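Those protein sequence lines, which keep their order, are chains A and B.
Position 177 of the first sequence, counted from 1, bears residue number 177 in the UniProt record's numbering, the numbering being contiguous throughout.
Position 340 of the second sequence, counted from 1, bears residue number 340 in the UniProt record's numbering, the numbering being contiguous throughout.
Be careful, since some hints might not be right.
As the list claims (entries may be wrong) - In silico EDC-like pairs for lysine to aspartate or glutamate, Cα to Cα no more than 16 Å straight-line:
| no. | chain 1 | residue 1 | chain 2 | residue 2 |
| --- | --- | --- | --- | --- |
| 1 | B | Lys188 | B | Glu112 |
| 2 | A | Lys75 | B | Glu235 |
| 3 | A | Lys103 | B | Glu130 |
| 4 | A | Lys103 | B | Glu169 |
Just so you know, the hints here were simulated from the structure itself, not pulled from any lab data.
Just so it is clear, the structure is predicted and the values come from calculations on it, not from any experiment.
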Amino acid sequence: MAGVRLEGIYKKYPGSDKASVTDVNLDIKDKEFLVLVGPSGCGKSTTLRMIAGLEEISEGKLFIGDRLVNDVAPKDRDIAMVFQSYALYPHMNVYQNMAFGLKLRKFKKADIDKRVREAAKILDIEHLLDRKPKALSGGQRQRVALGRAIVREPQVFLMDEPLSNLDAKLRGQMRAEISKLTKRLETTTIYVTHDQIEAMTMGDRIVVMKDGFIQQTASPEELYNHPVNIFVAGFIGAPSMNFVTGSLSEQGGAVKFKASGVDVVVPEGKAATLRSKGYIGKEVILGIRPEDIHEEPVFLEASPGTIVNANVEVAENLGHEMYLYLNGIGNDTVIARVDGRSAIRDGASVKLALDMNKVHLFDKESELNIFES
Amino acid sequence: MSKTDWLMPLQHILNSPIQLKTRTVQEWETFVQEADAKWQPDKSEALAPGTRIEKAESSTWFIAGRQKQELSVLEIADTSLTTKEKDLISWTLYMTVRNPPAKPNANISDSERFAERLSEWLQQQLDSDEPAYSLPDHLTVGSRLYYDMIPFLLITEQTTTTKAAAYTELEKLLKSFLSEDILLIPLKSQEWLIWGPMALLRDEDAEPYDATEEESMEDSLASITSGLHEMLASEWLGECHLAVGLPVTPSKGMVEVTMLLRETINLGRKFHVGTNIHLPWMLQLERLLNTIPESYRAKYLEQSLKRADLFVEPEMLATLETFFSLDCNVSETAKRLYIHRNTLLYRLDKLKQETGLDVRQFRDAVLVKIILLLYKVTKRN
Numbered sequence: 001m002a003g004v005r006l007e008g009i010y011k012k013y014p015g016s017d018k019a020s021v022t023d024v025n026l027d028i029k030d031k032e033f034l035v036l037v038g039p040s041g042c043g044k045s046t047t048l049r050m051i052a053g054l055e056e057i058s059e060g061k062l063f064i065g066d067r068l069v070n071d072v073a074p075k076d077r078d079i080a081m082v083f084q085s086y087a088l089y090p091h092m093n094v095y096q097n098m099a100f101g102l103k104l105r106k107f108k109k110a111d112i113d114k115r116v117r118e119a120a121k122i123l124d125i126e127h128l129l130d131r132k133p134k135a136l137s138g139g140q141r142q143r144v145a146l147g148r149a150i151v152r153e154p155q156v157f158l159m160d161e162p163l164s165n166l167d168a169k170l171r172g173q174m175r176a177e178i179s180k181l182t183k184r185l186e187t188t189t190i191y192v193t194h195d196q197i198e199a200m201t202m203g204d205r206i207v208v209m210k211d212g213f214i215q216q217t218a219s220p221e222e223l224y225n226h227p228v229n230i231f232v233a234g235f236i237g238a239p240s241m242n243f244v245t246g247s248l249s250e251q252g253g254a255v256k257f258k259a260s261g262v263d264v265v266v267p268e269g270k271a272a273t274l275r276s277k278g279y280i281g282k283e284v285i286l287g288i289r290p291e292d293i294h295e296e297p298v299f300l301e302a303s304p305g306t307i308v309n310a311n312v313e314v315a316e317n318l319g320h321e322m323y324l325y326l327n328g329i330g331n332d333t334v335i336a337r338v339d340g341r342s343a344i345r346d347g348a349s350v351k352l353a354l355d356m357n358k359v360h361l362f363d364k365e366s367e368l369n370i371f372e373s
Numbered sequence: 001m002s003k004t005d006w007l008m009p010l011q012h013i014l015n016s017p018i019q020l021k022t023r024t025v026q027e028w029e030t031f032v033q034e035a036d037a038k039w040q041p042d043k044s045e046a047l048a049p050g051t052r053i054e055k056a057e058s059s060t061w062f063i064a065g066r067q068k069q070e071l072s073v074l075e076i077a078d079t080s081l082t083t084k085e086k087d088l089i090s091w092t093l094y095m096t097v098r099n100p101p102a103k104p105n106a107n108i109s110d111s112e113r114f115a116e117r118l119s120e121w122l123q124q125q126l127d128s129d130e131p132a133y134s135l136p137d138h139l140t141v142g143s144r145l146y147y148d149m150i151p152f153l154l155i156t157e158q159t160t161t162t163k164a165a166a167y168t169e170l171e172k173l174l175k176s177f178l179s180e181d182i183l184l185i186p187l188k189s190q191e192w193l194i195w196g197p198m199a200l201l202r203d204e205d206a207e208p209y210d211a212t213e214e215e216s217m218e219d220s221l222a223s224i225t226s227g228l229h230e231m232l233a234s235e236w237l238g239e240c241h242l243a244v245g246l247p248v249t250p251s252k253g254m255v256e257v258t259m260l261l262r263e264t265i266n267l268g269r270k271f272h273v274g275t276n277i278h279l280p281w282m283l284q285l286e287r288l289l290n291t292i293p294e295s296y297r298a299k300y301l302e303q304s305l306k307r308a309d310l311f312v313e314p315e316m317l318a319t320l321e322t323f324f325s326l327d328c329n330v331s332e333t334a335k336r337l338y339i340h341r342n343t344l345l346y347r348l349d350k351l352k353q354e355t356g357l358d359v360r361q362f363r364d365a366v367l368v369k370i371i372l373l374l375y376k377v378t379k380r381n
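Isolated chain B, as found in the complex (with noise of 0.2 Å):
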C-alpha cells in the first residue's frame, strides 16, 4: 500500500483535513524547537516514524517516513484530536514504516514454485469446460511426474495460519512422515492435492500376522490413508478430510483424478457424516444415487416406506448400518453392536414385521441399503 492510499481513508475517520508534506531534518528541527509538546515511539531514535509535535491551537505533525535529510511529515490541523488518538496514528506509523507487509511469495522455495505453477495450471483445467488432461511439456520437465504415483486429496476446515506457513509446515510434515519424493499442490483454500510414491505400498520385510489374509492394494492404500489422517489429525491443525485414489502418473492424471478425490470428498461427508476417511472404491452405489434428481428420490421414498419412522430411530440405524457393513453377518453384528444375538434377530424381524422387508434376504438387503442412503440425503416433507 502506498503512503498515499491511506491518505483518503485517514481523513475520513478523523473528519479533518490532512496533508501529507516533505520537510528537511532541519526544518523539522526547528519546528520541534517552537512546539508546545512532543512525543516520540521510540525513545533511542529522535526522527522515528511516529514522532509527533503538537503545537497549542494549531496542529499536530507525525513523521511518517524519511529519506536521508528529508522527512515525509503528515500534518493534521484538527487540534481536538485526543491524545489517544494520536497515540494511535503514532503507533500505527511507527509499525506500517518498520515493519512493511512482506511481499508475496518473496521467500518461497522451489518446490512451492513449481507447486503453484502446477496449481494454477490444474485449478484452469478444473473450472474449464474442456480441460487438458495432460500436463503441458514446461511442467513435467525434468519431474517425477512421468511416474505412477499416490494421489491423495486433503481438506481442513481450520484456518489457524496463513496458506504460506501452511505449505510450509505441510510439505515437512509429510516429507518426514511419507517421503523425501512427496510432490504437495495447494488447491482451493484448505485443500491440498498430495502426490506419494509407490514405495509406500511396497512392504516386503513385512510378514503379515494373519498369513491367510492377504491384502489387497486398496486395503493397504485404506490402510495409509488411515495413518496419514491420525498423523494429520494429531500433529498438525486436528480433523480433516481425506480421499486417496488408485496410483496414477500425475501427467496424464491428475486433472481426472483431482476431480475424482473432489467428488469422493464431496459424496462421503454428504452420505457419511461423521467419517474423514473416503475411499472411491467405497462410494460406488452413492455416486449413482447422487445423479437422481431430489424430486425423484423424495417421490422413491414416500412410496417405498410403509413406516418411515422406524429408519429414523438411532437404534435401528445403527442396528442396519452395522448388519451392512458386516457383509450381512447376524453373529459379527450382534458382536459388534454389544448385543446378543436374539436382541438382534429381534430387531430384524419388527423391521420386517413393520416395513414389510427382511434384510437377511439379498433382495430386500439391497432395497434397504438404498433406502437408508436416500434417507440422509433427501429432503422429505
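Chain A on its own, in the form it takes in the complex (with noise of 0.2 Å):
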C-alpha cells in the first residue's frame, strides 16, 4: 500500500488558453479514502485520470509512494480502476474477466485461483464465476469489475463514478460494500463522485472542486459545518444550505442582520470578529441549513431575537421529517427541514426561529466564509 501525492498539478489541452486542472496540490495518506467531488467539469475526473496515467501531466509531479510516476505507463504503477464506462471483458466469464491481469503479470496458476476465488467470495460473485457479462445484471457486473481491480492487490484503487450507472437501491447498497471492501483490504482509495451523499458518507476526507480549482479539502463534518466558500456551503449538504443577502448593522450594542422580512440578531462571539473585519454597515451573504431553522416553540421561546415570520408555499412531507418551501425570507424561497409530525400545512403562515450559533456569513465580493478565512 502507498500514499498518493500531487504536486502543483495541471491539465492543459492543446488548442485550450484555459487550464483544465489548475495547481492541484494533495497529499493522500496511505490506507485513506479520498472523494474528489464536484460539478460536471470542475476537474475532478481529469484529475483520477492523470493519476490512472490516462492523461498525460501538463505540468506539476505526481508521486506513488516514494516514486515519481509521470512518465510511468498505467500498467506499471500499481494502481487499478473502475471507471463509469467499465467495460467487461465479453468474450471471457467471470473468472477470467478477473484473472487475466494477473496472467499477463506471470502469477502462477495456483495464486491466481486463491485470489480470483477470494475476491469472488468477498463479493459474493462465486456462484457467478462460470457465466459470461452478458449472462449478468448490471449489479453483478459491476461487482466483477470491483473484483477484476482488487485481485491486482495494487497500491491504489481509482474509482471514477462506478455506482452511476445502478439504479438508486443498488448505488446505496454497493455504496456500502464499497466501503467496507476498501477498509477490509486496507487499500488507499481515490473515489471521483458528483453525489455529494456519496462523497460525504464514503470519503475521509473529501476534496471539492470547481472550474479545475480545488476549493476545500477536509474530512466529511469539517466540510459541513465549517465550509470555506458559498461553493463549498451550496454544494454539500441536501436540501442546499439556504442564502440571504442582507447587511450588518450595530443597535444598543448587538449586531443585527437585517434583509427583506429578516432583522435578527447574531450572536457575540460572531459579532466580535465582524466588527473586528470591518463588516459592520457592509451587505453580506447569510448562509443556514435547512436544519437550523426552527418551528419548535421552546426554540422560540428561548431565542426572541432570531425569529422570522414566513409563509409556507408548500409543506412536504415525508415521513420522518418535513420539508417547508417558505416566502418571506429574504428574496429567494428557503427550505426548512422540519419534524415530520409537524401540523404545518401548504399555505400556512409561521413563526420560525433562525439558529444564529450556526449561520455562516459570507463576503459579498469574495464569496468566502467570514468566520473561517
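Join the two chains, each given in its own frame, into one complex according to the hints.
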C-alpha cells in the first residue's frame, strides 16, 4: 500500500488557453479513502485520469509512494481502476475476467485461483464465476469490475463514478459495500463522484473542486460545518444551504442582520469577529442550513431575537421529516427541514427561529466564509 | 554507421585535426611505455576500445577498434582537451564498439515479417490515387485472409517504446486477450490494424441476462471493442483510440476497411472529443456533415441560431447530448442527469423560448442535433 502525492498538477489541453485542472496539491495518506467531488466539468475526473496515467500531466509532479510516476505507463503504476464506463471482457467468463490481469503478470496458476476465489467470496459472486458478462445483471457486472481490481492487490484503487450506472437502491447497497471492502483491504482509494451523499458517506476526506480548482479539502464533518466559501456551502448538503443577502448593522450594542423580512441578532461571538473584520454597515450573504430553521415553541421562546415570519408555499412530508418551502425570508424561496409530525400545512403563516449560532456569513464580493478565512 | 562517418563531426566539435590510423599491437605497447598517462575504461582489458594514452605537449591516442594484432587508433593532436572531454570520447568509443546498434529487422518473427510486407503493400494502396482493392496472391498464399475477420484500427498517442518492441508486446497481448488467431499489421507510427477471428462473436453458451433483448452484431462488436479498449488502457500504454468495422474478408476488403476506420477515428475525434471508441455505424451524420465546406457551415449556423450563446452553456450542451443519446426520452434523460423531470422540462422550455426550437418535436430535434454537431467543428467569428 502507498500514499499518493500531487504537487502543483496542471492539465492543459492543446488548443485551449484555459487549464482544465489548476495547481492541484494533495497529499493522500496510505490507506486513506479520498473523494473528489464537484459538478460536471470541475476537473475531478481529469485529475483521476492523470493519476491513472490515462491523461498526460501538463505540469507538476505525481508520486505514488515515493516513486515519481509522471512518465510511468498505467500498467506499471501498481494501481487498479474501476470507471463509470467500465467494460467487462465480453468473450471471457467472470473467472477469466478477474484472472486476466494476473495471467499477464505471469502469476502462478494456483496463486491466480486463490486470489480470484477469495475476491469472488468477498463480493459474493462465487456462483457466477462460469458466466459470461452478458448473462449478468447490472449490479453483478459492477461486482465483477470491482473483483478485477481487487485481485490485483494494487497500491491504490482509482474509482470514477463506479456506481452511476446502477439504480438508486443498488447504488446505496454498493456504496456501503465499497466502503466496507476498502477498509478491509486497507488500500488507498481515490474516488470520484458528483454525488455529495456518496462523498459524505464514503470519504475519510473530501476534496471539493470547481472550474479546475480545489475549493476545500477536509473531513466530511469539517466540510459540512465549516465550508470555506459559498460554493462549498451550497454544494455539500441536501437540501442545499439557504442564502439570504442582507446587511449588518450595530444597534444598542448588538450586531443585527437585516434583509427583506429578516431582522435578527447575531450572537456575540460572531459579532466580535464581524466588528474586528470591519463588516458592520456592509452587505453580506447569510447562509443557513434547512435543519437550522426551527418551528418548535421551545426554540422560539428561547431565542426571541432570531424569529422570522414566513408563508409556507409547499409543505412536503416525507414521513420522518418535512420540508417547508418558505416565502418571506429574503427574496428567494428558503427551505426548512422540520419534524415529520409537524402540523404545518401548505399556505400557512408561520413563525420560525433561525439558529444564529449555526449560520455562516459570506463576503459578498469574494464569497468567502467570514468566520473561516 | 561506419567509423569514418563520425570523424568529421568529431573534428568539428573539438575544432582540432583528428586522424584514424592503423597501428600494430606492438607499436601501441611501445607508445604506452613512452606515454605520460594511460587510462582504460575496462580495467580487465588493456586493449579495450576507448583506452587512451597521453603525451604531454604532443597528442592523445584512443583505441577505436581491434582486428587481431592490428588496432584502429584515433590520434588527436590538441593538447588543450580537458579530462572530461577525453573521458567522454573514451566512454563513447567503448560503448559504441562494444554495443553496436542492432541491425534493423535482425530478430523479427515470421508473423511480424509477414505483417510488414502486408503493411508495405497496404500503405502503398492507401497513398495511391487508384488503389488495388484485392491483395496480390503472394500476400495471401497459405494464409487465413480468405475468411471473414473482424477489423479494428488502433491509434495510440504514447511513444514510450520503439516500434519493434511495441509490435512484439502488442501482438502477445492481443493473442492472450482476443485469440491466437489474430493478425496485427503496423501502419503509420502508433497506428495498427488488428484482425480478430469471427469466433469472438459466437457465444452459444451465454444466455443473456435480459432474454428480451437480442444483441445485434453491432452491439456485440461495440462490447468487444469496449473490452479491448479497457484492456489496452489498463494493461498496455494507456489511452488509445479504437474503431471497429463489420466483419470482412481481409483479402478483398483490407484497403477499403482501413480507409473507413481511419475516417471513423478522425470523425470521432473531431465531433466527439473525449470519446475513445468510434463506431462507423454511429457516425453516419457526422460523415455527411464533414463534407460540407467550412464557409457553408458557418453561414448556416449564423442563420439558424437566434441565440448561439445558449449552445455554449455546458449545462445545456450536456442536457441536449444526453437527451439525444437516449432517443429524446424525457424520463430517462432526467434520471441519467440526476435532475428532476420538471427541471429537464424547464430547460427544454427555456431552449424553445430562446431559439424557437422544441427538441421534443422530431423536426426540431433533427435541426438541433445538426446544429450541435456543426457547432462543435465550425470556426465562428
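Verification of the supplied hints:
{"no.": "1", "hint": "B:Lys188 <-> B:Glu112", "in the structure": "holds (15 Å)"}
{"no.": "2", "hint": "A:Lys75 <-> B:Glu235", "in the structure": "holds (5 Å)"}
{"no.": "3", "hint": "A:Lys103 <-> B:Glu130", "in the structure": "violated (46 Å)"}
{"no.": "4", "hint": "A:Lys103 <-> B:Glu169", "in the structure": "holds (15 Å)"}
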